[in-house]
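Engineer: Chain by chain, the residues:
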Amino acid sequence: MLTTFQSVTKNHLQDRLFKVLRDVMSSPSGAIGVSLVFFHLVLAVISPFIVPFDYREISSLLMLQGPSFEHWFGNDHLGRDIFSRTLLGGREAILITGIATPIAVIWGSFIGIFFGLVGGRIDEFAMRIVDAFLSLPWILKMLVLIVTFGTGMGVLIPTLAFFYGIPVIRIARAATHDVVARDFISAAKARGHGRIAIIRHELLPNVLDTLMVEGAMRWSWMLLAFSSLSFLGFGASPPTPDWGLMIADARGFMSFAPWGVLAPVVFLSSLIIGINLTADALAKALGIDRIQKAPV
Amino acid sequence: MLSMLLRRLLLGLVTVVLVSIIIFTGVEILPGDACTAFLEREAQGKLLENCRRDLDLNRPALERYVDWASGAVVGDLGVSVNGQESIAELVGNRMNNSLLLAFCALLVGVPLAIFLGVITALWRDKPIDLFFSTVAIFAMTIPEFVSSTVLILVFSVWLGWLPGIVLTSANASAVEFFPEIILPVIVVAMVMTAHILRMVRTSVIDVLASDYVRMATLKGVPYWQVVFRHVLPNALLPAINVVALTIAWLLGGVVVIEVVFNYPGLGRMMIDSISDRDLPVVQAIALILATVYVSVNLTADLLTMIANPRLRTLHMRK
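First to last, the protein sequences are chains D and U. In this text, residue positions in the first sequence follow this note's numbering: the first is 5, and each later residue adds one. In this text, residue positions in the second sequence follow this note's numbering: the first is 14, and each later residue adds one.
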């Protein structure tokens, strides 16, 4: 009895996932977005095996050479192959933000749902603290921690996960508030279900849509933050190939070697746009109107 | 109405106080203090003691917090470790420059955003809408340092029309920043326009679908009269809040743009003081930016309330 019930819900979930994916892919912008994200994810996995040159290989002969048959995107100020570096340049960013995003969404959601359920004075006060955190510019919060603790992955992931989880608290809380007032929650309470059961079976499925869209947006903002930090010299550290870092390095030679800037610009932009298009299409497919906010 | 106003003001004040506590405890909790951060490896013996004495770091934290916070209220933000100057003076000029940048960007961005937002909503899903909506997504999502770099490459390196970097000193007058300020203004305005445009578009589309607009149309009110009399006044209200959010973003988030263009604003000063580990300056800038953020949002809420009578009672019920 129990097993059949479980398999039914599982199938239902699978059906629903397929339907959402189909809806996302059916709009042109969604299809473009998903393909871009897919391309970058595949590239991040396979790039170490397909790059034609070693990303650290310095050559004085090739310094600032333009695109050629051998070096497709040209060479940078140290004579390194820009094509290889560009292909590899998203790996660290995708890895760090790929780990930090789920952490941020999960801890933010838990706290948000908790305060949404508790309500009252405690909730009011907690939201004031959230507001206070949000009123500080993200770059200041992050830089202070990074300057104190260093720039390694062990610092960047917790820092990003912590600060980008705070806005999720608000979203999760608001979504919870919307759901809690509905009749099926009262019905579950009347049936005598426990708190945990209500959260698992009634609340989470209804809040999940919002959180999924939120997660996609968080990812794009986190990528933006990470590459901005790299650009400013506080993210990835040389000689790691990273788009933000590459753009910062190549900027000084822009007037006579613009190819050094263009390749990472195109790759970084296409990934971020891909994520955003996907998030938009996802929101539309799930029936959530996503009002654009400034990336706080 | 008045009690609501007071409530909002009080909430804003509470947020600012909480921010100051967060900033202060943040600096306290982090390893090291202003002196060890500033002196780095030389932080030992007499040098460290003197520095701590100069900055009064030997007193209990609570006492120092009260001193710092009460000083900040009357505009005394303390002195920087680096150079021992008054922070209020240091920040003043930079603040003006940031405000100049923000003001120019708003002047260009807001009217453009509202105009384009209304156009894209009225011609929804037509080529003109698709075009501007796509451009908006690009402008919004591409990192600021990328768009700045591309604009510098095109307009100053290839075409040679505009200077790509700001060389004017921090305490120059507003006029001296032209034409160097044009490219930074374009970048800031671009991001801002995109955000406001999307918001205006959504809200105009919402109002167009409302019952009273259909009613007016069915009654035979001419299309443009419906648009100007019924749709726009109701649709533009939510835009106030987005404008506020973007202004708040402008003051803190333009850090990267200021660095790229070497613009002597508050954001670049923040990065510099963080790199120099000048913690008193960092604290001061954080407090200023947070206060601006809170007050801009507060102003937007109040404006919306004044412009929209419905909200006054709605909020009360909450």
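Please keep in mind that the hints were generated in silico from the structure rather than gathered at the bench. Accuracy of the hints is not assured; some may be wrong.
Unchecked claim - Pair ranges (Cβ atoms, derived):
hint : chain 1 : residue 1 : chain 2 : residue 2 : range
1    : D       : A178      : U       : T147      : 43 to 53 Å
2    : U       : R20       : D       : A194      : 51 to 61 Å
3    : D       : D182      : U       : V148      : 30 to 40 Å
As the list claims (entries may be wrong) - Where chain U lies over chain D, by a calculated footprint (3+ residues, C-beta under 8 Å):
hint : region
4    : 77 to 90
5    : 148 to 160
6    : 189 to 202
7    : 267 to 278
Computed from a predicted model, the values in this text were never measured in an experiment. Here a beta-carbon is modelled for each residue, glycine too, at the ideal position from N, C-alpha and C.
Engineer: Run every hint past the structure and note whether it holds.
Structural biologist: These are the hints, each one checked on the structure:
no. : hint                          : in the structure
1   : A178(D) - T147(U): 43 to 53 Å : violated, 29 Å
2   : R20(U) - A194(D): 51 to 61 Å  : violated, 35 Å
3   : D182(D) - V148(U): 30 to 40 Å : holds, 33 Å
4   : 77 to 90                      : violated (count 0)
5   : 148 to 160                    : holds (count 4)
6   : 189 to 202                    : violated (count 0)
7   : 267 to 278                    : holds (count 5)
Of the numbered hints stated above, those contradicted by the structure are hints 1, 2, 4, 6, listed in ascending order.
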